[in-house]
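Trainee: The chain contents come next:
2 protein chains.
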Amino acid sequence: MANEKQGDQLQIGEVAERTGVTQRTLRFYEEKGLLRPPERMEGGFRLYSEEDVKRVKHIRRLQDLLGVSLAGIKEMVDADEVLRELRAQFDPAAAIADKRRQLNRATEVTEAQYTIVKQKIEQMRQMEVQLDERLKLFQRWKKELDEMERDAAPTRSQ
Amino acid sequence: MANEKQGDQLQIGEVAERTGVTQRTLRFYEEKGLLRPPERMEGGFRLYSEEDVKRVKHIRRLQDLLGVSLAGIKEMVDADEVLRELRAQFDPAAAIADKRRQLNRATEVTEAQYTIVKQKIEQMRQMEVQLDERLKLFQRWKKELDEMERDAAPTRSQ
DNA sequence: TATAACCTTGACGTTGGCGTTAAGGCGCAA
DNA sequence: TTGCGCCTTAACGCCAACGTCAAGGTTATA
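Residue numbers (my numbering), protein chains in the order written: chain A, 5 to 162; chain B, 5 to 162.
It is possible that part of the hints are untrue.
Treat identical chains as interchangeable: a pair holds within one or across any two.
With a straight-line Cα cutoff of 30 Å, these simulated DSS-like cross-link-like pairs (lysine-lysine) come out [said to hold, decoys possible]: (1) 58 to 103; (2) 61 to 147; (3) 146 to 122; (4) 78 to 146; (5) 140 to 61; (6) 36 to 147; (7) 147 to 103; (8) 146 to 36; (9) 103 to 146; (10) 140 to 103; (11) 36 to 58; (12) 103 to 78; (13) 58 to 140; (14) 122 to 58; (15) 78 to 122; (16) 78 to 58; (17) 78 to 140; (18) 103 to 122; (19) 78 to 61.
Hints are computed from structural coordinates only; laboratory data are not their basis.
Generate the whole structure from the sequences, applying the supplied hints.
Mentor: Structure (structure tokens):
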């Protein structure tokens with residue numbers, strides 16, 4: 005345990021402020037193993053690193069990217085319903101101005117969904133790129149290991 | 005209310021079986037407004053349509069696509085941690101066989117994540133296509149409305 | 001050294017998303 | 001008309017992901 009708080013270490017309140025989550029959430033993540041238990045001051049105060057801050061932000065990005073409640077799904081399904089009703093009552097003899105208004109409304113709703121989906125796809129693609137780079141890095145490391153082995157033991161293996 | 009169950013109508017048990025959710029879940033979705041209240045038989049039994057079945061399947065697809073718990077996020081973050089440890093102890097002088105095993109393990113984990121992300125992106129892209137087609141449909145309808153107006157009132161407007 | 005600001009660990013509350021009895025009605029075949 | 005399976009609502013239970021006190025310890029600053 006650290007006796008003194010070092011310059012680059014943060015207390016839970018600062019981490020909370022900088023990540024936008026509550027202190028409760030930080031302790032909760034620690035409890036659930038999402039954050040490794042941080043160091044402590046003598047008195048027991050948690051001391052976080054910049055790495056921890058990054059991790060929290062990462063977790064929140066993932067949550068934002070992947071987490072959708074039934075309430076969110078309801079919005080999407082409701083939009084579908086609006087569309088279905090519109091289609092059902094699409095009577096060419098009805099008031100054109102009304103139709104146009106409904107159509108505009110349906111367009112708005114659909115565009116909102118479209119925007120959200122596009123954003124999520126973009127974020128997902130960034131993750132994909134990161135993972136791909138990581139895999140390539142591993143491949144390079146493997147090659148390095150192969151070469152080390154070949155250089156180190158060419159005579160012994162004969 | 006329907007007196008008799010018609011040929012194309014389904015009771016809750018059948019819907020549950022065909023959608024893979026429980027009866028409780030179907031009632032729950034209705035309660036939360038995700039499913040419109042279905043018709044009833046005289047005795048009060050729910051009568052669902054094929055449309056309802058589609059809706060339930062749609063809801064589940066969305067849930068599967070978008071829903072990820074902290075437990076799932078923990079898996080991803082844990083994989084990051086494995087990588088960080090690996091990187092930290094990458095000591096060229098250490099046992100090569102060990103390194104290779106760790107590297108293979110890290111590769112496995114990363115590939116698993118990569119696969120999941122790719123699947124989700126693909127599903128998202130399908131949604132994107134659907135929404136895009138919908139928007140184009142709306143555009144066509146708007147044009148039709150424009151033309152109807154032009155055809156119907158060219159003289160009156162002068 | 002006192003006091004405000006910050007922190008600690010409980011422990012109970014809340015909302016979402018259902019699972020699980022419980023107690024009883026409905027539908028249909030024999 | 002009785003039996004059996006399917007259905008109804010009501011109500012309690014459970015886990016996740018926190019929010020919200022409560023009671024008290026720590027640190028920094030005057």
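Trainee: Okay, which hints does this one fail, numbers in order?
Mentor: Violated hints (numbers, rising): 2, 6 and 8; every other hint is consistent with the structure.
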